Amino acid sequence: MSQFTLQVNGQSRSVDADAEMPLLWVLRDLLQFTGTKYGCGIGMCGACTVHLNGQAVRSCVTSIASAAGQKVVTIEGLGQNGLHAAQKAWIAEQVPQCGYCQSGQIMSAAALLASTPHPTDAQIDDAMAGNICRCATYFRIRKAIHRAAQEMKS
Amino acid sequence: MNISRRRFLGTSAAFASGAFVIGFNLRARAQDTPGTTGASENPFDAWVHIKHDSSAELVLTRSEMGQGVYTSLPMLLAEEADLDWQRVTVVQSEFSLGTGGSGSVMSNYLPLRRAGAQVRVAMVAAAARTWNVSESECTTEKSEVLHAASGRKLAYGELTAQASRMPLPDAKTVKLKDSAQFTLIGKETAHLDTPDKCTGATRFGLDVRVPGMVYAVIARCPTFGGTPAKFDATKALAVPGVMQAFEIPARGHRVFTAGGVVVVAKSTWAAMQGRKALDITWNHGPNHGETTDSLRAQMKDALSKPPAWTSDPKGDDLDSLPAAKRVEVMYEFPFLAHATMEPMNITIHLRDGKCELWCPSQSADAMRKMVAAELQLPESSITVHTTFMGGGFGRRYQYDFPTEAAQIARHVSTPVQLVWTREDDMTHDYYRPAGMRRMRGMLDEQGNVAAWSDHLTDTAIDAFWSAPGTYKLNGSELPPTIPYPVPHIRTGFTPVTSGVPRAWWRSVENSFNGFAVECFIDELAHAAGQDPYQFRRRLLQLPPIPQPKTTGDERRPPDPQRLVAVLDLVAEKAGWNKPLGPNRGRGIACTTTYAYLAEVAEVTVERDNIRVDRLVMAVDCGQVVNPNGARSQLEGGMLFTLGAVLKEAITIRDGAAEQQNFDDYSVLRIPEAPVVETYLVDSHDDPHGLGEAAVWLTGPAIANAIFAATGKRLRRMPLRMNEST
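Chains R and X supply the protein sequences, listed in that same order.
Taking this note's numbering, the leading residue of the first sequence gets 1, the next gets one more, and so forth.
Taking this note's numbering, the leading residue of the second sequence gets 1, the next gets one more, and so forth.
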């Protein structure tokens, strides 16, 4: 066990953890940020997606040692002033069904929109292919990302 | 305010802290029979609570797993009560009923509307008494009673005290609105639970955090029915954070749990690491020799003989009929996993003879019973909090994880969260049955279907749940009735033996029955040299012939004209007759199961790669309660089924599931998701549930489109252009 410090949603946090413990479990079990979800543990479903220094990463395969000292943003901290455009678009398009994967979907979408402000369908499919939605809300996810892109433009 | 069951003793309206509460029993109302709960218990399992500030809280007996009942059910009540929709909230009842079978809207449509009407009538009566005017002069709107003649109005919150002192109108005779008066039912309504699901605030089962809680995982034998022979936990207990390791026994055929070695730790990760460090020798048990190939051999053998059970025959046997055009084919379907995004989990705290459960469950009442039985406690000492569920699809009807949690709780003094990893979830599911069927059909000189035969064999669900040697046909295993008039029909079923656990998976048998019926009718259309849409349309307008009735099916017979109407609608919207480019094709399918549904799929097949480009569905489900929710279920249902039919399969080796996680159990991802369109027919007929509706016909629409594009008929799921048989 070692002590690690990282910035989560703008606040400095310290934890005692095994160096190999994935960021996912640090967030969920040690820091109580339960908005980030466990889905597969092998980086195959995207439910655990967070931003590490602005990049979308799978927190279930990111060790606390490799994330230490860096900036982590979770779904709870995504909206700096109110909701992020992607969150607003998700609500407007009524995307979620069970909702379990949607934190990860929104985090992946927000990272896409930051790097590609006006993604095409193909760019959306490419960026979002790592996020599984078992309720298969994909049709509305695509619409919501286009809507968020429109809103961020204006 | 926490409304306890005791507040309701002996009364149906309660003056609780000056608030107005109406309790009702949805379990009983669903059948319109008196409640069955004991006299000492609260006779109500749901209630609406009108508060002083005129906000309304509905305590709901169905659980939310993404199907939208948190919105559609309160809409029913709010409509009749004329509640201000902006001030309606929902909480989960502790007495949740089973949620499944696409039944929530259908079975609650009248009971919840009646309860709402009781609220409205009671509020009007209270206002009329207060003003000393006639009730007929009063109207209601947005949680207010208005008296137009005098311009006075009173908010429901101001009337609760008066209303709760007056006799409650009879739910059975209270007047309901005419559908033309609806202001909420049938209107696009945003789901009440959406905002929290976009901010991470929704608490699913795995998000339950109770002070002092610890985490547990279980090492289960990979072989179904296997148990630990011996284990050594020395290395596991040396993992930092690991607190305990102990064995729990397997539980019998009715509460099927695998048993295994439990590791308890201070974090989920530590528990998982501890489990990896266990040294276990397994006793693999009797199913170790089972493979997918051994099952397929059994099924092929079963289909070479007469069925073990048959439905009532209709007309003559196919073989005795004069030679005409005959078609004979086999279809095959694999085991499927539910693979809900949130793996199975439950949090439990057992102390001082009382037990508290935080449970993502489709059936909290059943969970309470099973945990009480396991702990040998009275049901009244078990408190169940149903959480939001990260998907259900039938998996969360099962009692295995609550039973395991109860076993674990005996060893752990603090609250403990039992976590299934994705691998646990994938390899210890209750799978959709696997099976095969032989279909035979005969066309007459006019190109009508003269005869139809369907011999199905599969790993029947009830055979798994019955005690050894006691399995009897329950009826649902038999092939389905078909909407097309056919004079000679033979259907039968033969079970095959398997140690693989199986149970209900979104739409249960319909997920493979629909595929067979709608693919085979398509094959017959092509054999008759007719357009598959026109062929169905023509058959549906022939004089009806009574069909053999499936045991226990008491529904009124479907109306072929409503099915023709949705077929016409979907053909028009899909542009059925518009030419498509090379390697592309359209397929059609329809059904009266769940509702009147018709669907067209458009596919492209290039270099053996199947791509679905577009799915169009037309639906007549009677009165649509929330079009937003209805479309959501249909869109998601179509894509969920697309993934199942083209990608998913659990295969068996050494008596165990071969697939472990989303790397080898491949589900639909966004690049494979086509455009989906849904068209809802305007109707005020009784509503039908749509949670499972799309599963019947999406698969055959796709398979039929693949045939149209390539001339190749794929009959084995998951569909592959290079399929072997």
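Read the hints as simulated data drawn from the structure, not as lab findings.
Check the hints yourself; a few may be wrong.
[As the list claims (entries may be wrong)] Think about it this way: if two alpha-carbon atoms lie no more than 35 Å apart in a straight line, the pair counts; the simulated DSBU-like pairs of lysine-lysine are:
(1) Lys712/X <-> Lys88/R
(2) Lys88/R <-> Lys187/X
(3) Lys369/X <-> Lys472/X
[What the hints assert, rightly or not] Chain R is nowhere near these chain X residues, computed Cβ spacing over 10 Å in every case:
(4) Gly68
(5) Ser267
(6) Pro487
It should be emphasised that the depicted structure is a prediction, and the values quoted were computed from it without experimental measurement.
We put the beta carbon where it would ideally sit given N, CA and C, even for glycine.
Status of the hints after comparison with the structure:
1. A threshold of 35 Å between alpha carbons decides the hint, and for Lys712/X with Lys88/R the separation of about 45 Å lies outside it, so the pair is violated.
2. At most 35 Å may separate the alpha-carbon atoms for a hinted pair to count; Lys88/R and Lys187/X meet this at roughly 21 Å.
3. At roughly 25 Å between alpha-carbon atoms, Lys369/X and Lys472/X fall within 35 Å of each other, so this suggested pair holds.
4. Taking the minimum C-beta to C-beta distance to chain R, about 7 Å, the non-interface status of Gly68/X is violated against the 10 Å cut.
5. Remark: the non-interface label on Ser267/X conflicts with the geometry, its nearest Cβ contact in chain R lying 4 Å away (cut-off 10 Å).
6. Against chain R, the non-interface label of Pro487/X holds: every CB pair exceeds 10 Å, the least being about 40 Å.
Violated hints, listed in ascending order, are 1, 4, 5; each of the other numbered hints is respected by the structure.
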